[in-house]
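Participant: Below, each chain spelled out in residue letters.
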Amino acid sequence: MSNETARKASSVHFENVGKTFGEKDALNNVNLEIAPGTFLVLLGPSGSGKTTLLRCLAGIERPSRGSIFINGTPVAGEGGFLPPEKRGLAMVFQDYALWPHLTVRANIGFPLNNSQLSKPARTDRVDNLLDRVGIAHLADRYPNQLSGGEQQRVALARALAAEVGLILFDEPLSNLDADRRESLRIEIATLTRESGATALYITHDQSEAFALADKVGVLKQGELVQLDTPEMIYKSPANAFVTRFTGVSGEFAIKQFKKMGDSLVEVYLPFAPDITVEATKIGKLSKDANASLFVRSAGVSIFPETNEEGIPGEIRDVAFNGRGYEHVVKVGAAEMLTKVYSKHRFDRGVNIKVTLDPASCFAIDPSTEEM
Amino acid sequence: MKLTTLKLNGLRKKTIAVSAALAVASLSLVSLTAGAASNPGFVLYSAQGYDQQAVDAFNATHPGFTVTLKDDSTGPLLTDVQAEGNNPKWGALWVDGAIPFAHLDQIGMLVKNSAPKVAFNTLGKANLPADGSFSPTGVTETGVLCYDTAQVSASNLPSKWTDLLTTQYALGMNDPSVSGPTFPLIAGVFSKLSNLPFNATTAQVKAAITKGEAFYQNIAQKTQGGLVVNPTNGVTLGAMQNQAVGMATIQGSACYSKTLGSYKTLGEKYLDASMELPGVIGIDAKMPAIVRADAAKFVAWLYTPAGQLAMRTGDPTGDSLFWPVVGSTLANPIIPNITTTNPYAINPYTWAPYETQINNWFDSNFVG
Amino acid sequence: MNVIKAKSFTENGLDTRRKFSFGSIGVWTALFLLIGAPVLCFLTLGVSPRLFQQGPEWFTLKYVHEAFQGFAGRAIFNSLWVATVVSIFAVSIATSMAWVIHRTNIGARRFWAVAMWLLLLLPTWMMTLGWTDLLQPVGGLQALGINCSYIYHEFFGPLGIVVVLTTAALPFSYFIITAGLQGLGPEFEDAARIHGANKIQTFKTVLPIISPAILSAIAVSFAETISDFGVADTLGYHAHFPLATFILFKAISSYPANFSVAAVVAAVLILSIVPPITLQSRVMRKNTFAVLSGRTRTPRVREFRKGPRVLATTIVATVFVVAIGVPVLGAVMTSFISGQSFYGGHLHLTLLYYREIFNPPSAGKSLGTPLLLSDQLGFVVASCTGAFAVVMARRLVTKVGGLSQRITDIFLLGSIAIPGVVLAIGYIFFYNLSFITHHVINLYETLPLLIIALIASSLPGQTRFMAGPVSQIQPSLSEAARVHGAGRFTAWRTTNLPLMSRVLLWGWLLTFTKTISELAIATILFPPSQEPASVTIQNYLANFNTGAGTAMTVMTLLEMLGIIVIALGIYRLVTPRGWRRIGWRGIQS
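Chains as they are written, first to last, in our numbering: chain A, 1 to 371; chain B, 1 to 368; chain C, 1 to 589.
For the record, the hints were derived by calculation from the structure and aren't laboratory data. No residue lacks a Cβ here, since even glycine has one placed at the ideal position from N, Cα and C. Mixed in with the good hints there might be a few duds.
[Stated by the list, open to error] Partial pick of chain C residues on the chain B-facing surface, computed with a CB cut under 8 Å:
#1 S254
#2 N258
#3 T523
Make a model of the complete structure from these sequences and hints.
Facilitator: Right, here's the structure in full:
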């Protein structure tokens with residue numbers, strides 16, 4: 001990274017950005033600030049508008065409303081529209097978007113065509129990148145002679161080549177198998193951070209988001225519903241949608257609840273009316289509301305039936321995952337808790353007791369959400 | 001990075017080269033279309049085989065303006081003339097057959113009294129309209145019986161049109177809606193069968209049409225060989241060579257032309273009437289005066305010795321086989337004396353209104 | 001690199017309008033001037049001859065009535081059933097051939113793909129000429145001592161017409177279906193087989209996947225067949241089997257011309273394409289073209305054993321012998337056989353006709369200047385059409401499902417059904433309107449107008465031809481170039497152009513050769529003193545100079561082949577290796 005020090009990470013600012021396709025709002029009033037050097041992951045299900053947001057920033061789509069600024073300079077909005085090539089960014093595409101008629105080397109070198117670098121310097125930089133993404137031996141191959149993982153490494157190297165201040169990632173791992181996904185995710189994390197650039201990464205995979213991000217933004221139907229660190233999102237989700245999307249072990253209707261303080265409530269579940277469960281209150285809960293209890297798997301523990309405390313349950317499934325066992329537990333008539341971890345194996349059909357950690361339990365009224 | 005850069009540079013050069021080639025090609029086309037002078041000259045629409053020679057000879061000796069030739073078959077030329085309507089591009093039209101000119105004259109498209117004041121011979125006078133709205137430049141004949149001596153012996157040849165009703169050979173002819181000289185032939189046959197006067201009444205013409213249509217129906221249905229219709233002279237002669245027909249009533253000059261060329265076994269027989277088919281030139285009434293004057297100069301030149309020479313020598317085995325309308329009609333030694341061919345003239349103004357009707361009848365009965 | 005200058009932003013004068021409006025207006029204006037206005041002018045004559053001084057009536061249905069009667073009515077009926085039968089035959093044969101050539105191990109696969117191209121380049125009038133020359137009673141085969149009079153009479157009738165038109169429609173269908181087959185990975189077939197389907201059931205399951213391609217091929221074949229003039233003018237006439245395009249031509253070329261009846265016939269031809277288009281768009285709905293994924297799925301090749309392999313190869317070879325071999329052989333033989341030798345019964349070969357090409361007999365024209373002009377026309381028309389067709393094809397595939405896309409699609413397909421004669425006469429009526437010639441532009445009787453007309457006639461087919469390959473280029477490839485610093489043009493040049501280079505080249509060659517052999521427009525619109533080769537050749541053939549005319553035909557075909565070979569050679573030499581290993585595989589060159 002010869003001129004790493006010379007590089008300045010970009011800041012990004014979305015101001016009331018909206019995008020309409022025909023009748024449908026893909027993005028709605030998005031406000032988002034990305035500080036220089038941040039690795040921001042946008043998380044959302046398909047159709048949540050995350051790809052549209054990314055493409056608007058890249059300059060491939062034009063927002064219908066609002067403005068986008070890069071380093072304080074407007075690139076889209078009332079004043080006009082700056083074409084993608086003038087925005088000083090790089091991008092890794094979901095389908096790799098490697099040019100099939102160019103070799104690996106030429107693909108990676110493409111962004112340098114307009115640079116001031118001398119030819120030897122360009123060659124050096126491409127060689128260096130080939131090394132760093134571990135595909136130096138494939139330099140003279142063509143894309144369709146490479147595996148998916150190798151192709152995406154080329155795409156990553158290409159995005160790093162121009163040493164821009166902003167790199168965009170459009171679900172770059174979604175077409176790869178689990179093993180490659182893991183190793184490439186690590187490379188993206190390390191190489192991008194090494195480069196010092198600001199990164200905007202979109203995915204629908206919560207674990208990928210948490211693993212990569214400095215900050216995670218959660219999108220729902222074109223709106224940004226929460227923007228925070230991975231830890232805060234996990235511990236203090238903004239609403240039922242975010243909670244569900246960031247991983248729950250179970251979701252149960254609440255029979256009754258009692259306030260214990262500003263944020264804590266005691267809830268009673270229909271299938272265990274005698275047992276008090278403490279939970280964190282998210283949003284408003286009215287007396288007659290149809291509130292639910294959301295339980296993160298991290299807060300669920302299981303014990304033999306002989307344990308004094310806990311809700312009775314029955315093991316429905318057990319899976320070995322290397323470090324221990326993941327169980328599916330039936331509580332009540334049909335309610336299930338999934339991904340219940342234990343170091344010990346409980347066999348199918350065995351009756352057990354379940355305890356819930358208040359910090360991992362959220363009482364939420366989903367109907368209070370605007371959408 | 002060397003590789004990519006080199007490739008892209010190469011590519012840029014190629015793009016430039018391709019663009020340059022395109023530009024050169026377009027320019028060369030534009031240059032072909034350029035050219036205008038103070039006297040615009042005029043465009044001659046012509047289907048005559050010797051038109052190029054005539055135009056070249058004229059242009060070489062008349063530097064004031066240029067005659068531009070649009071040379072095509074009669075059909076496409078008349079299509080253009082009609083489609084151009086009131087915004088015509090032709091200065092003069094020169095094709096075989098007076099009937100289209102009669103029609104153009106009736107709709108006011110021709111300059112009246114444009115026929116030059118030259119000493120037409122009897123043949124010329126017979127084909128000159130009263131109002132001088134067009135001029136005959138030479139006369140050929142249609143309805144000449146052209147036959148293949150390898151298939152038909154001279155003793156079996158008919159000598160009158162009515163003899164065709166009993167012939168044993170397939171009779172070829174052209175399609176009047178494709179071949180220019182064929183409607184005059186049919187009109188001539190209809191006239192001859194009813195012995196119509198030159199200026200016949202409408203009732204007489206209608207009766208002659210009924211009689212004539214029955215005549216062709218009989219040839220088609222009652223003779224041993226039937227009637228075989230092909231689009232043009234050339235194709236009809238091709239059918240004869242392929243032995244699909246033994247004899248055909250077509251334009252005489254086409255038959256002579258092939259006899260002189262590759263089809264040595266052809267023979268010509270003149271029946272009791274051979275329809276005169278004048279080559280005709282007319283001047284466009286919608287053109288500005290200067291263009292009309294240019295066209296008139298060209299028309300007048302055609303009757304000069306130089307013009308006549310160009311016409312007689314331009315297509316010696318084809319369209320040049322005509323009888324002149326100025327001086328002696330015997331000017332061309334290859335073709336017989338016209339008086340031995342039973343020449344028969346029809347009034348183009350009488351027959352012009354019936355062309356569409358008769359052609360449709362013909363197509364419905366003998367082509368489809 | 002990372003600092004965006006505010007200056008560049010404002011200086012750019014950035015376009016804040018909606019993206020499509022400017023382009024759409026431009027494209028539709030061009031289409032209106034090229035095709036819409038002239039054709040509408042002409043069609044209007046069918047009910048209002050007075051509008052163009054072609055008759056006394058401002059409005060009348062007389063000519064509509066006339067067009068459906070007698071001879072003309074019969075011709076319309078013939079055209080409709082022939083086009084229907086031909087499109088079904090052509091698509092059936094093309095589907096089988098596409099599958100056999102691309103999905104099995106039959107012999108000489110590459111050769112057949114090239115042969116299909118040659119077939120595409122052969123104009124129908126040349127095909128008919130070859131068949132006639134070979135089969136006629138004193139024709140080529142008889143000169144060789146083979147009696148074929150029994151075929152002759154069969155051939156000169158609906159049978160011959162269907163055979164020639166089917167062979168002519170075959171390549172269109174073949175290329176459309178080949179593109180469809182490429183989207184058909186082996187997994188669909190595998191899935192069906194695994195779940196217990198037998199061969200026929202599997203075929204039934206998989207067929208709907210390529211049904212858009214099949215219906216598209218049927219629609220294009222129908223449109224091409226119904227608008228063909230080459231066969232109608234030659235075989236149709238001789239066989240006393242009138243076809244609508246011939247009636248149309250006749251109505252136009254007799255004097256006085258009946259433009260109104262011609263207009264009605266033209267309207268019927270154009271409207272007749274509505275049912276196939278409706279059928280096609282109903283089935284296709286939103287997925288107009290099978291969009292390929294980025295990763296190449298290599299289709300499985302079915303390995304025939306020796307016996308079936310030989311059989312399949314023989315069948316394919318036979319199709320090509322009938323489609324190309326026979327007509328080319330007929331034309332070549334006639335061009336070498338002396339006229340008189342037909343008579344004596346002994347074969348006499350001569351080079352006379354080839355000498356006549358450039359040293360014509362008196363009053364004949366040399367082929368030299370006209371052929372040079374045709375080459376220039378071909379060059380300009382092919383280049384302009386290619387560029388415009390790319391733009392159109394992109395519109396066609398990027399706005400899939402939208403109203404604009406559907407209208408463009410229907411307009412272009414309908415335009416394929418417009419006979420060249422109609423377009424040409426429409427050009428006279430529109431571009432020779434007093435208002436246009438005096439106040440707008442005076443193009444009539446000039447080479448540029450002929451060029452524009454030729455572009456208009458080749459654009460619809462060319463756009464359809466390119467739409468498939470264009471749809472297969474993922475938009476992310478040029479987006480990636482833009483994002484990584486390439487401007488709009490550079491992005492196109494460095495990503496789309498290489499990927500499309502092969503299809504552009506073949507599309508160019510296709511328009512180039514079609515322009516050289518085009519007859520209907522050339523004969524009506526060629527300017528004074530500038531006669532294209534096809535008009536010269538046709539004049540020789542019409543004047544019973546078959547030998548010279550055929551020799552010129554053969555010479556023109558050879559020249560076209562030569563240019564194809566040279567163009568392919570240049571492509572190999574100048575393009576980087578990467579260009580040649582990717583992209584559209586309509587042909588394995």
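Participant: All hints are to be evaluated individually against the structure, with a verdict given for each.
Facilitator: Evaluated hints:
Nearest Cβ of chain B to the Cβ of S254/C: about 4 Å, under the 8 Å cut. The hint holds. At a threshold of 8 Å, the smallest CB-CB gap from N258/C to chain B is about 7 Å, leaving the interface hint in force. Because the beta carbon of T523/C sits about 5 Å from the nearest beta carbon in chain B, less than 8 Å, this interface hint is met.
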